[in-house]
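Q: The lines below spell out each chain.
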Amino acid sequence: DTGVSQNPRHKITKRGQNVTFRCDPISEHNRLYWYRQTLGQGPEFLTYFQNEAQLEKSRLLSDRFSAERPKGSFSTLEIQRTEQGDSAMYLCAAGRDSYNEQFFGPGTRLTVL
Amino acid sequence: AQTVTQSQPEMSVQEAETVTLSCTYDTSENNYYLFWYKQPPSRQMILVIRQEAYKQQNATENRFSVNFQKAAKSFSLKISDSQLGDTAMYFCAFMRSWGSGGGADGLTFGKGTHLIIQP
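Protein sequence lines, in the order shown, are assigned to chains A and B.
Note that the working numbering has the first sequence beginning at 1, numbered continuously upward.
Note that the working numbering has the second sequence beginning at 114, numbered continuously upward.
Worth double-checking, as some hints may not be accurate.
Below 20 Å or equal to it, Euclidean Cα-Cα: the simulated EDC-like pairs (lysine to aspartate or glutamate) are [said to hold, decoys possible]:
hint : chain 1 : residue 1 : chain 2 : residue 2
1    : B       : Lys183    : B       : Glu128
2    : A       : Lys11     : A       : Asp24
3    : B       : Lys224    : A       : Glu44
4    : B       : Lys191    : B       : Glu128
5    : A       : Lys71     : A       : Glu83
6    : B       : Lys168    : A       : Glu101
7    : B       : Lys183    : B       : Asp199
8    : B       : Lys186    : B       : Asp139
9    : A       : Lys57     : B       : Asp218
Keep in mind the hints are simulated off the structure, nothing from the lab.
Given the structure is predicted, the values throughout are model-derived calculations rather than measurements.
Please model the entire structure based on the sequences and the hints provided.
A: Right, here's the structure in full:
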C-alpha cells in the first residue's frame, strides 16, 4: 500500500459529460502529481501541486482539464466536455520534501463512450 | 526536454533466471534522478530502484541492480533469480533534480517493458 488512494476506480461516461476524479495522499505528502496513462504507453505528466499551490499546469492537455488542491490535502482532476480520446488511466502520485520518490495511487480508469 | 527510450516491448524468461531490461535517455541536464517502476497487472505502480546521477556507484536493492552509464546515458535494470511475482510492466523514468528546477516537471517515463516470468 502506497498510502495514495483514488476514487472512483472506474468511470464510464458519455461524450460531452464532465467528470471529476479524487486523489487522497497521506498527510505527510505535500507534493502531488497527476499523470495520464494510455494503453501501451508510460504515464504522461499533467500537473503538479506543492501543498495547495499549483506550480506546474502547462502540461494539462487542454483547457478542458483542470485540477485543484484546495487545502493541500486531497486533490481533484476535472475533465469538462469529455471526448473519446480522453479515455485513459488517470494516475495520482504523491511525495514529500527532500525525497525524490513518488508514491502512486491505483488510478482511475476513464471510458468515454 | 527529456526523453526516455525502452527498446524492449516484451521479454520472457524462466523462473530463477537473470534478466536485464534496457533503458536509454536523453537530457542536457547534469543533475537528475533515474528510476525503475514496476506496474503489476491491475495493481499500483511501485518503485523498484532509484539512482542519483551524481553517484557513480550503481544502486542495488536485493535482487535488483542497475548498470548506470552516465556518459552513454544508459540505465539498465538487472533482476537476478527472477520470480513469478516479478511479472509486470517495468517503466524507466527520469526526473530533473529539485535544485535544477526539476521535480515540478514530474517524471518522464519510457513506454515500458512487459516482463513475463515463466514457471
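Q: All the hints need checking, so say for each whether the structure fits it.
A: To see whether the hints hold, each was checked on the structure:
no.	hint	verdict
1	B:Lys183 x B:Glu128	violated (31 Å)
2	A:Lys11 x A:Asp24	holds (17 Å)
3	B:Lys224 x A:Glu44	holds (10 Å)
4	B:Lys191 x B:Glu128	holds (14 Å)
5	A:Lys71 x A:Glu83	violated (30 Å)
6	B:Lys168 x A:Glu101	holds (17 Å)
7	B:Lys183 x B:Asp199	violated (27 Å)
8	B:Lys186 x B:Asp139	holds (7 Å)
9	A:Lys57 x B:Asp218	holds (10 Å)
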